[in-house]
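Chemist: Heads up: the protein sequence lines correspond to chains A and B, in order. Residues in the first sequence are numbered consecutively from 3, following this note's numbering. Residues in the second sequence are numbered consecutively from 42, following this note's numbering.
What the hints contain is simulated information worked out from the structure, not anything from laboratory work. Even for Gly, the Cβ is constructed at its ideal location relative to N, Cα and C. Treat the hints loosely; a few may be bogus.
[Stated by the list, open to error] Between beta-carbon pairs, the in silico distance windows are:
1) 147(A) with 263(B): 48 to 58 Å
2) 188(A) with 253(B): 15 to 25 Å
3) 151(A) with 293(B): 57 to 67 Å
4) 227(A) with 494(B): 51 to 61 Å
5) 197(B) with 140(A): 53 to 63 Å
6) 114(A) with 253(B): 28 to 38 Å
7) 188(B) with 240(A): 46 to 56 Å
[As the list claims (entries may be wrong)] Derived EDC-like pairs (lysine to aspartate or glutamate); straight-line CA-CA distance at most 16 Å:
8) 240(A) with 144(B)
9) 169(B) with 200(B)
10) 240(A) with 229(B)
So you can see what is in the structure, the chains are spelled out below.
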Amino acid sequence: MSVSRETRTITPGPSTPLQTPDVSVLSAGPVRVAEPVSPDTLTDLRLDHVLSSLSDAGKDSLMVELFTRPPGDADTVEYRQEVCSDLRDPAVRRAVATFRQGMGRIDERVRSAITSGPSEYHWQQRRRLAEAMADYTHLVQDLRARLDAVTLHSRGMSAVHAYLESYATSPEFEELIRSTGEVINALDRVRFRISMEMGLIVVTPAEQEGTYNEQMAALFERFQDDAVPRGEGGKQEKDPGITHVTAGIVAQAARMEPKPFTVLAEHCRQNANFRDETLVRFAQEAGFYLAYLGEIAPLEEAGLAFCRPGITVDGKRLEARDSFDLALALQVVAKGEDVVTNDAQLDGAERVLVVTGPNQGGKTTYARMIGQLHHLASIGLPVPGRDVELPLVDRVLTHFERVEGVGDPTGKLEEELVRMRRMLEIATPRSLVVLNEAFTSTSLQDARELGKRVLEKIIATDMLAVYVTFVDELSRLGPATVSLVSQTSHEDLNRRTFTVSRQHANGTARALALAARHGLTLPQLLERIPS
Amino acid sequence: MRVNLLHALGAEQSPAPHAEDLVLDLGLEPVISACAEGDPVVRDVMRATLLHPLTSASDIHFRQDVMRDFMEHPALLRSLHDITTRSLGAEREARKHIWGLTDRPESRLHSSVELLSLLLDFLRELRKVADSNTALVGSAGVSAFLAATSADLSDEYLEQVALSLDSMRFRTGIPATVRLSPVNGIIDYRVDQPPARQGRLREFFGTLKRSPWVVTIQPRDEAGATALRHMRDFSLNDLADTLERSATHVQRYLLLLHHETAFYVGALNLLHAFQRRHVPTCFPKPTDSATPVLAFTDLCDAGLALRGQDAPVTNDLDADGRSLILITGANSGGKSTFLRSVGLAHLLTQAGLPVPARTMKVSPAPQLLTHFKREEDASLTSGKLDEELTRMSDLIPDLVAGSLVLFNESFASTYEQEGSEIARNVVLALTRRGMRVIYVTHMYQLAEGLAEMHDESHLFLRTTLTPDGRASYRLHTGAPEPRSNGIEMYDRVFSSAAVWPG
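Work the whole structure out from these sequences, hints included.
Modeler: Structure representation (structure tokens):
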């Protein structure tokens with residue numbers, strides 16, 4: 003019933019062509035991927051925290067793949083942005099999220115039905131499978147109905163919708179609905195009686211249901227005292243669940259009344275692979291967007307803006323308003339505190355943002371923000387801020403101080419210079435480099451000179467850069483550099499004061515004043531006591 | 042089944058506000074002790090009942106009538122109280138042995154069935170007592186109780202209970218009708234009637250037919266045994282709840298009867314305590330009236346009477362229609378004792394109890410509140426007057442028209458001029474809003490100011506001196522006199538060579 007397709011394989015390495023199916027929310031066709039972003043860079047930009055919560059601590063390998071490896075071509079980025087925009091519609095998002103969640107649930111059920119336990123539980127395993135089928139048919143119909151009710155704009159979601167229309171109306175699918183319902187209904191009608199004795203259980207056909215409990219309850223009703231609450235159902239006993247004893251009882255019941263059980267067995271045999279592969283894959287792929295949108299939802303509720311960035315392929319223009327460090331914002335909002343937002347702009351010949359200012363002033367956070375903006379945009383996701391426009395960079399490179407090289411200052415400087423050189427070798431005119439407090443282990447004169455040289459190289463290559471430094475001369479290097487200074491926040495002046503003045507105690511009126519304070523003067527009393 | 046010996050069906054009392062103050066200010070403790078004679082249950086019941094005063098004449102009559110029945114037939118009261126005492130003892134004993142072995146439903150059900158079987162014997166005894174006494178009693182309360190007991194605990198019913206309890210021992214296994222769960226487990230256990238023993242239960246439930254479809258738990262299959270036990274527990278859970286509730290209700294019924302009879306046991310004890318001291322007693326005549334009714338002859342302070350050996354000084358009063366009684370006069374002249382005797386008489390009346398007076402008529406007060414000068418708790422942080430005012434203010438929300446408020450030397454902890462002004466405002470506001478006030482004070486300025494109003498609803502009482510200058514402890518109607526006898530007392534104390542008591 004499903005269209006057979008090649009399974010996608012992802013092997014790491016440069017420019018691997020990806021096999022993508024016809025119906026995908028990731029791209030319109032095969033994609034050439036760019037370089038994966040390095041683990042160090044993920045750490046420097048604190049994107050590792052974001053990725054970890056998105057990918058369930060790295061367990062979801064598809065998520066890790068999609069988050070760390072930008073597709074590299076503007077069309078695929080736009081394809082993903084379109085899908086994301088559709089999913090920003092709450093109705094679409096709910097539809098897809100419900101479907102994905104349901105498919106996960108079904109997967110678990112099928113796995114537990116197939117893999118679990120000895121064969122004495124076969125009636126339970128088959129029933130789980132049948133229930134999973136029922137769940138699946140409802141889920142498909144539900145997704146179809148929900149997508150029918152919305153307007154889709156993206157190429158990706160439209161393709162899924164069209165596929166779903168043809169699949170859900172196919173005779174195979176309709177037969178699956180009908181037969182599964184019949185099997186389950188027959189099982190739901192099964193009733194029998196058990197007698198729980200010492201060491202054995204006797205199974206017999208059900209007789210007319212008695213009202214023994216009710217009779218016993220009525221026995222002492224005349225002692226019922228309205229002053230005593232009737233009690234809400236008393237104590238809760240846990241359902242005994244499935245054991246080899248209950249399995250044995252059900253097996254005996256199946257022997258006593260075989261019809262519904264044989265029908266179940268036949269149904270399971272015929273529909274072992276009941277899930278459509280394209281829809282299974284859609285559920286997995288959609289997880290990429292849903293996880294990210296779910297992650298940023300609390301931030302949006304807290305009033306922070308996210309937007310679909312405008313991507314330029316050839317230009318160098320950067321524009322962002324009210325942006326912020328995503329990783330930091332996730333922490334800060336979770337604590338219920340306010341997030342500071344920032345703007346960024348590079349225009350004309352400007353290439354390098356040089357950030358100076360006092361410590362604890364948010365310089366590093368600003369640098370991370372710029373790096374995150376470019377990376378998130380390159381993988382097709384909404385970015386923090388409004389009116390964001392930026393170039394599609396081929397890679398984001400970072401140079402942050404490494405804590406481990408504490409000992410020998412000479413060794414540390416050397417290590418830094420080696421790293422710097424490697425980075426600048428990889429960088430192309432289409433790269434973004436983020437440099438944070440370089441050359442702090444040497445003298446100010448050295449740092450000024452080294453920084454100047456690095457910056458000149460960067461400018462010569464015509465790449466984009468953020469440079470966080472304590473050397474403020476570096477911000478005045480020429481038309482390519484833009485100077486930014488961080489500021490500590492102003493004192494909070496919005497404070498109320500109470501006027502405090504003394505009043506002399508008046509001896510003679512003291513008692514009556516005291517009475518008034520207790521509301522015990524004649525007018526006060528007449529007011530307080532209702533007539 | 043309801044007991045209803047303390048009040049007619051549906052009557053509800055609310056607790057007296059500031060009950061602790063009432064106990065302290067009126068000296069309720071000796072009264073409660075006389076009732077209890079060392080029985081803690083009687084003590085608790087008396088205290089609780091006194092502090093939930095009845096407010097209508099018919100409710101008071103109801104209790105007085107029941108008490109008259111028990112005064113005439115003390116053996117009936119004794120056997121009712123005795124059956125409940127023994128049932129509670131047996132229950133305590135049973136709980137030690139059959140209760141709380143495990144929290145499992147099957148064991149909970151077992152415990153409840155055993156307990157109910159035990160209590161069934163006491164219900165049978167009650168029934169016998171009811172049968173043999175119905176003809177003897179006259180009060181609405183006792184008659185209704187005995188009649189209901191005979192009817193509700195019929196032979197047929199008691200037999201049915203015995204059989205049903207026995208069926209819940211499930212000697213031949215627990216039968217249950219079940220369905221398949223969505224994972225082909227078993228759900229919806231509905232326990233069926235177990236097969237009858239010796240054919241005594243109705244035929245149509247039949248006996249369990251043997252069946253070829255059997256699941257046997259092997260002797261060493263511990264997991265299987267656990268699973269079966271779990272299933273038994275799960276299916277019996279509702280029944281265990283039901284029976285636990287039933288046991289609670291039957292116990293509560295017996296407990297209620299125990300408490301209500303304890304009240305009358307205490308009431309008879311109180312009566313005998315007065316009689317031993319030759320204190321005349323009477324059932325006061327309650328009157329539902331919009332205007333205050335209060336009149337008595339030879340009323341004494343019940344607490345004082347029960348503490349001593351002899352009958353104390355008594356007073357007469359006719360204060361019908363008076364919303365303010367202001368008592369002035371000599372210190373140690375019996376003012377406070379008088380005030381307490383009136384307060385206690387109200388509490389006793391409104392509990393349905395006899396009062397230590399020859400005659401008394403009274404309109405029940407919807408609330409009884411006290412504001413007494415406190416000797417000890419002064420000057421913590423806020424000062425004595427502040428404390429008094431706080432306490433006064435706390436009383437205001439509890440006032441309803443007709444409430445009786447007793448003041449004892451209130452607001453005297455400041456200059457007389459100020460105290461009088463505060464007190465006057467309070468008295469006027471309360472009386473104007475329909476309260477009844479009895480105020481003991483030595484503040485002449487307060488008394489004089491109120492006397493000058495010549496209000497018909499004000500009554501002024503004064504302590505008197507015996508011809509030899511000592512306090513007579515009897516009060517007489519009379520306008521306030523400008524001076525208390527403090528100076529005299531001082532002189533007497535300091536001039537006398539005799540040993541002064543205390």
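Chemist: Tell me the numbers of any earlier hints that the structure contravenes, in ascending order.
Modeler: Of the numbered hints given earlier, the structure breaks none, since each of them holds.
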